[in-house]
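Number of protein chains: 2
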Amino acid sequence: MGDHKIIALSGGVGGAKLALGLSRLDLGDRLLVVANVGDDFEHLGLTICPDLDSNTYALAGLNDEVKGWGRADEGWRFMEALGEFGGENWFNLGDRDLALHVLRTQALAKGDSLSDFTRAITSSLDLTTHLVPMTNDPVRTMVQTPDGALAFQHYFVRDRCEPVVTGFDFNGIATAKPQREFMATLADADLQAIIITPSNPFVSIDPILSLSGVREAMKVADAPIIAVSPIVAGMAIKGPAAKMMAELGMPSTALAVAEHYGDLLDGFILDHSDADQADTVAALGIKPLVSKTVMQSLADREELARDVLAFAESCRS
Amino acid sequence: MGDHKIIALSGGVGGAKLALGLSRLDLGDRLLVVANVGDDFEHLGLTICPDLDSNTYALAGLNDEVKGWGRADEGWRFMEALGEFGGENWFNLGDRDLALHVLRTQALAKGDSLSDFTRAITSSLDLTTHLVPMTNDPVRTMVQTPDGALAFQHYFVRDRCEPVVTGFDFNGIATAKPQREFMATLADADLQAIIITPSNPFVSIDPILSLSGVREAMKVADAPIIAVSPIVAGMAIKGPAAKMMAELGMPSTALAVAEHYGDLLDGFILDHSDADQADTVAALGIKPLVSKTVMQSLADREELARDVLAFAESCRS
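In order, the protein sequences belong to chains A and B.
Numbering-wise (my numbering), the first sequence opens with residue 1427 and increments by one.
Numbering-wise (my numbering), the second sequence opens with residue 1427 and increments by one.
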């Protein structure tokens, strides 16, 4: 592949699975994973970045495959003690996971950027893949509901995605500056593909796409833009994407995801279960690929990553 | 004992043992434990108060009797993860212990005083004993050595008390205001005894005594001032007190501790091993009591607490 570069836009766990698959295809430091920060929040005085951390843990093999989130061999003594003292304990912070939040909070307080800190952490774990936040500026997703707006983690974790969603705001998005390396790679002639991982379109990918100049830079880039559907057989593999789609008045289908991204896309990958929607995707002017998108094993992740890159190559010509 | 009140000045583990003994003598909320804050420090962005926490854990029965410090059933996953990321890991922060530091750092950041926070924590644990910091203002003990000054925890933990000590500074002491309840109780006509627990005289007790107005208020109080020797048979039960005394050019004896406190004391309790020093203590104008001062069991703590109170009563008349 020579100097060809790949960008993957990622939310949390689902996106991190494909990011890991891509990272195992000998791309070295030519793979740039751009993580959503709209899920970030301040909790117990700590700055917590769930999507960045899910990618860090997945890329380093530190994630918990069974639980599906957080770190393996995690402990909960901190949470137990927090509860004894009457502390706010609706958000589970594992004992190992805490180290990252404490170090990050300290680094940001002394003036490091989120990118600086992320680079220090990925270096300490010897990761070759570049992982960057979509921006160093705070962007905070607010979920609109009939009873008012909720900070994302209050909606997602505290209220278990129960409130009906009517829309989203990304606080801070208007002034947030896209991360430097992200923008430089979008403008790089060696860029081979921009991959939208199967993360939640509304709260994981849209914040990235809503950054000033990002959509424009993506459209101008020669590299094809390929999305992988996070909806399979009408359901989200993980998280509230399908429920959100129903509440927003759209069908909970892969096709509706393709329509949501619209003319930004050159290609769209649907699961075999949704093969019947491929023609309608094609009719939108988006090249469809039917593949196996559910990633259970490490081999699944690598296989989908290979499919995505080959498909991008085919979209290029 | 009616409304009689007791003040105990305490450092960390040694002082907390006697504080626990006193707390079990039906004093209810008439026991005020005043903890040193000179050992406090900022680490990883967290405000850590080892002496306050040692007292909290001991009074609540949460302390680790075997290890001799920190919490029982403690875990170290946070420290392991911190090490993986190359974080500063010379100071052991247990997974459970962390909850207190995170909550405190958050409370102080939002403007609560250290007293407010300590009260919230002791209430959440249903402690009846009043535990207060000596001051809400930052006081930081610096250890003078031939190679310059060291922050206390750098001397104590990072450098394992190895540097030779030539003196101490208590940064911030000149402007620190003694805690309100501490001063009010010193001035209370119902005060029955002021007990200097067997903590390190130089770095645990002297910071408290050095607060503006504290010595004067102690001298003016009718209540007798009783110290328990932290030196037994020429050795400190725990910590560097004996080593410090040698380096400061004084004998490592109980008698030298009595001389160090000097005419502040009405009574001084020595261990049976040091009974031969009782007459010389008496010659200083300080009433001696020879007792069992080494507290191994809970019964030892209660017995010494009873001895101290009875001795205080005898010093009163």
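Errors might be hidden in some of the hints.
What the hints assert, rightly or not - Have a look at the derived ranges for each label pair, beta carbon to beta carbon: (1) A:Glu1642 to B:Ala1498: 57 to 63 angstroms; (2) A:Trp1516 to B:Gln1722: 38 to 44 angstroms; (3) A:Trp1516 to B:Lys1536: 14 to 20 angstroms; (4) A:Asp1689 to B:Lys1536: 55 to 61 angstroms; (5) B:Trp1502 to A:Gly1512: 22 to 28 angstroms.
What the hints assert, rightly or not - Reference listing, derived: stretches of chain A covered by chain B, where coverage requires no fewer than 3 residues with Cβ under 8 angstroms from a Cβ of chain B: (6) 1512–1524; (7) 1529–1539.
Hints were generated in silico from the structure; no laboratory data involved.
Just so it is clear, CB atoms sit at the ideal spot from N, CA and C, and this is done for glycine as well.
Going down the list of hints, with the structure as the test:
For Glu1642 (chain A) and Ala1498 (chain B), the Cβ-Cβ distance of about 59 angstroms falls inside the hinted range of 57 to 63 angstroms, so the restraint holds. The hinted window of 38 to 44 angstroms between Trp1516 (chain A) and Gln1722 (chain B) holds, with their beta carbons roughly 42 angstroms apart. About 19 angstroms separates the C-beta atoms of Trp1516 (chain A) and Lys1536 (chain B), a value consistent with the hinted range of 14 to 20 angstroms. Taking 55 to 61 angstroms as the suggested C-beta distance range, the pair Asp1689 (chain A) and Lys1536 (chain B) does not conform, at roughly 47 angstroms.
Here the CB-CB span from Trp1502 (chain B) to Gly1512 (chain A) is close to 25 angstroms, well matched to the stated 22 to 28 angstroms. For the region 1512–1524 of chain A, the proposed coverage by chain B is satisfied: 7 residues have a C-beta within less than 8 angstroms of a C-beta in that chain, meeting the threshold of three. A stretch counts as covered by a chain when three or more of its residues have a beta carbon under 8 angstroms from one of that chain; for the region 1529–1539 of chain A and chain B the count is 4, and the coverage holds.
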